[in-house]
Amino acid sequence: MMSRFVAFDHNRLLIDGRPRVLMCASLFPFRVPREQWKQRLQAVKSIGYHAIDVYIPWNFHETEPDIWNFEGQHDIEEFLRLTHEVGLYALVRPGPYICSEWDGGAIPAWVSTNGKTHVRQYDDAFLGEVRKWYGKIMPIIARQQYRGADADDGGVVILVQADNELDFYACHEPGKYIGALASMMRSYGVDVPIIACAGQGDMLRAGGTAEDVSPAVNLYPGDNDVDVDAQVRYYRRAADTYDVPLVVTETNRWHRTLRRLVGNGARFVGPFLQVSGWDFDYGTSVNNWGRVEAYMTHDYDFGGVIDPTGQERPDADDARRLCSIIDALGERLASATISDDRLTGIHLDSAEGDRFDETRVGVAVGSLDLHGGGRLLTFTNVSDDAADIRIGDAPDDALSDGGYPALTLPAGAGAMVVAGLPLGDGMMLRATSGELIELDESGHTLTLSAPTMAPGRFGAIIRPAHGIKADDIHIHTDALTAHMVNGDIVVQGDHGTATIGQGQSSWRITFTQPEHHVVLGCAPHSSVRSVAISLDWPSWTLCDGDVLHDALPLEDMGVYSGAGRYRAATNMRGALGVVLHNAADTVNVRCGNSGTDWQACGGVDAWIPFNEPVADDTKDIVVTTRIWGHSNFDDTRLNALRLNGKRGMCGAMSIERVLDIGSGWRVGYNRTDPDNAERLRENGLVLGDAPVPRCGFGSRSTTAWPHALVYTRTLSLGGASACLHIEHGQTRCEVRVGGRTIGIITPLAPTLWLGEVPDGSELSIVVNRMWGEDAGRIALLVGDELTGWTCESQGLKELRASCARATYVRASLPVLVPGGEGRWIRVPGASIRGSEYSNNTIVRFDGEGLQLTAFTDEYCLGRVVLGPLPGTVFAGGRGDLFVVPHGEGDLMLYAESTRERGGTLRGIMLGGSVDR
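Everything in the sequence shown is counted per our numbering, starting at 1 for the first residue and increasing by one.
It is worth saying that the hints were derived from the structure and are not from the lab.
Don't take every hint at face value.
What the hints assert, rightly or not - Taking lysine-lysine and the BS3-like style, the derived pairs with C-alpha atoms no more than 30 Å apart in a straight line are: (1) K136 / K176; (2) K176 / K116; (3) K116 / K45; (4) K132 / K797; (5) K136 / K38; (6) K797 / K116; (7) K116 / K136; (8) K116 / K132; (9) K136 / K797.
Full structure from sequences and hints, please.
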């Protein structure tokens with residue numbers, strides 16, 4: 001049985017039988033300290049929002065295979081109860097995949113990397129794993145469903161989402177997959193609407209064919225694009241074809257843009273990450289933001305209206321204004337339709353001609369026909385100039401002649417105004433250049449306010465009820481004027497109250513200016529002058545098995561977070577460097593007393609040259625790999641960016657010779673693609689065969705683009721092992737040895753493991769060039785594969801144990817950490833408390849060459865890397881701070897050197913603002 005309390009009625013969202021337009025803020029309890037959950041919920045409520053969007057990460061609750069946690073920070077049901085207490089609705093999004101820049105998109109690594117399940121597919125093995133998760137979370141969601149405003153057991157859940165943005169993923173049968181998830185949800189008692197959101201606008205591929213599932217969409221337009229309004233209208237009409245309201249599950253955060261979504265027919269608007277947060281423990285992911293690849297920071301902050309400490313940002317005032325407009329119009333807006341004559345009667349004073357051209361003038365217009373009469377007009381000026389907008393039958397209509405009030409929008413401003421709005425008893429708000437923020441028809445009161453982005457004097461034209469005369473207009477302040485023109489009442493001014501009519505039938509019209517509630521504050525800046533340090537090193541735990549012939553990925557040994565340390569007994573004397581096979585995420589190598597700087601790898605083969613050849617005999621080689629997180633996307637360009645991508649490494653090769661093989665290549669057509677060869681001939685790329693041309697690698701000059709040619713040479717390496725490396729290459733190269741396909745070299749993966757190469761093997765490389773790209777400088781890295789590996793792991797358990805047993809001595813800054821070593825640094829709790837503001841303390845650092853992992857009494861606050869980390873960038877937040885919650889005592893930092901020459905912590909700064 002479907003819910004009686006929440007329903008989709010064609011293009012309307014009904015709650016308790018009433019159509020609603022809802023503003024929804026992302027608020028993720030796993031990213032906010034439990035003690036601060038209620039404060040964040042109240043912050044959302046205080047800006048006028050109606051609902052929250054809640055991701056529920058599978059791997060946050062199944063912390064190890066078949067080990068579940070729903071207590072403390074993990075108590076999602078308590079969070080939903082608090083949501084009800086504060087008075088908000090909730091859209092819950094339990095996955096199984098959530099994205100959210102969270103480790104693995106919330107799919108546990110032991111599920112995604114086990115080689116048996118096909119994640120996010122209509123696959124029995126994967127759906128079986130999902131059933132275990134749903135068996136835990138769905139009963140909680142079902143209990144917390146909305147049961148009406150007066151229900152004693154009323155919950156908050158009004159919508160449930162299946163999976164997330166499936167149209168980004170190569171799902172073979174999206175309708176069946178989403179349908180299977182929805183069927184499971186229903187079997188556990190979920191009766192509210194189930195939605196499936198499209199991440200890049202493809203509603204059908206996101207699950208649009210699934211029975212009992214309604215499509216939704218995520219919209220991320222450019223804030224300054226004129227086209228935003230048209231994009232919203234496009235998807236409003238698309239939703240109409242599915243006979244559902246336009247539910248925008250994610251979108252931009254700026255309220256000038258959010259007005260445009262509301263003003264063009266969206267019924268549910270969910271700006272993503274409107275409440276910023278924090279990834280505790282090892283919850284971060286890697287993905288392709290900014291570059292391939294990027295590490296997500298522990299501070300998860302896209303500039304939403306609530307910052308990571310729970311404080312409002314300036315846009316909060318405009319959030320209140322938008323929500324006031326929505327609430328004032330109520331069911332009129334919630335049942336509104338897109339105007340057919342959207343631009344009729346709209347004129348720009350500076351424009352030439354009568355036709356209003358949005359693209360040319362840089363002013364976008366949204367228009368809705370309100371239920372019961374009237375229009376809501378949404379204007380957005382994305383141009384560099386102020387715009388004087390008039391609404392009327394002709395562009396020269398003047399206020400005194402019965403035209404509509406002029407609306408002056410500064411550059412970059414927006415406004416939402418009503419026109420032709422019936423008020424009852426024969427009265428009508430014909431037009432206004434102010435925004436309607438309160439309307440009580442039974443109490444005969446309305447409040448208009450100057451647009452938040454265009455404060456100052458404004459006006460309104462009111463068609464009075466029959467019989468109203470000039471003597472029936474009463475002004476209660478000198479800041480307003482009112483007079484009758486052609487039977488209409490014209491009110492102008494900046495603030496004050498006017499009463500129109502007599503007795504109980506009179507209307508009270510209030511003019512106001514935008515209110516500013518946001519108070520920006522922070523603790524004063526201070527510096528930590530003394531700390532304590534400890535030389536205690538966290539221990540390592542031996543992984544299963546004492547000796548491994550080949551190195552295995554960490555997940556194959558049951559390690560899903562933290563670090564893995566591989567060791568093989570070998571003499572590396574004379575080695576020029578090593579190639580690591582399928583290495584991820586952050587790696588470094590030590591031979592004897594020397595080592596390499598940390599660098600990020602993308603799960604591909606990585607050539608790591610030493611600064612100089614190893615001069616002395618060594619007993620072993622040690623390769624340390626550190627998991628930053630599993631990818632929350634699925635990007636085939638790097639193995640580490642696949643949803644099933646593994647961490648650690650699959651082997652290493654000691655390199656003893658680097659052979660330049662840039663010359664001596666025979667060039668020909670790709671015999672495996674004869675059709676392409678024929679097309680190249682037709683386009684003028686004709687190759688002779690008497691003799692076969694011999695040239696440099698990738699050097700064939702031609703006028704035919706694009707093209708793919710094969711470069712071939714014979715290898716004689718004495719049976720040694722080798723890797724191929726192309727420096728500065730910009731092409732895609734398909735590599736074969738002895739006719740066997742080995743793999744691909746790209747600019748993102750310039751090294752390829754060949755393994756043992758028999759003498760006389762033919763090395764063939766198909767070079768794909770689109771438009772003259774440089775093929776690069778090619779070399780063979782020749783050496784020996786290393787075997788006999790052992791592996792140890794180190795995670796939060798080992799770090800916490802070391803933190804607990806460490807003994808400290810007082811020290812002053814700077815603190816130096818030698819290459820290959822770590823130090824515990826303790827910041828006194830008294831210093832932290834002294835710089836607290838609104839239950840949090842902001843801590844920043846001055847230093848370089850260090851990774852800091854932070855602990856308090858209750859939390860691991862995550863990691864901050866000081867200085868660059870070659871091979872990656874940091875995205876998703878600032879990456880330069882920790883936020884310490886109230887009452888957490890000392891701050892304990894485990895500082896590891898990321899550079900062989902050592903790292904330095906010069907200063908620790910407390911206080912200040914997140915947005916410094």
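To see whether the hints hold, each was checked on the structure:
no.: 1; hint: K136 / K176; verdict: holds, 22 Å
no.: 2; hint: K176 / K116; verdict: holds, 20 Å
no.: 3; hint: K116 / K45; verdict: violated, 45 Å
no.: 4; hint: K132 / K797; verdict: holds, 26 Å
no.: 5; hint: K136 / K38; verdict: holds, 24 Å
no.: 6; hint: K797 / K116; verdict: holds, 29 Å
no.: 7; hint: K116 / K136; verdict: holds, 22 Å
no.: 8; hint: K116 / K132; verdict: holds, 16 Å
no.: 9; hint: K136 / K797; verdict: holds, 26 Å
Consistency note: the structure conflicts with earlier hint 3 alone.
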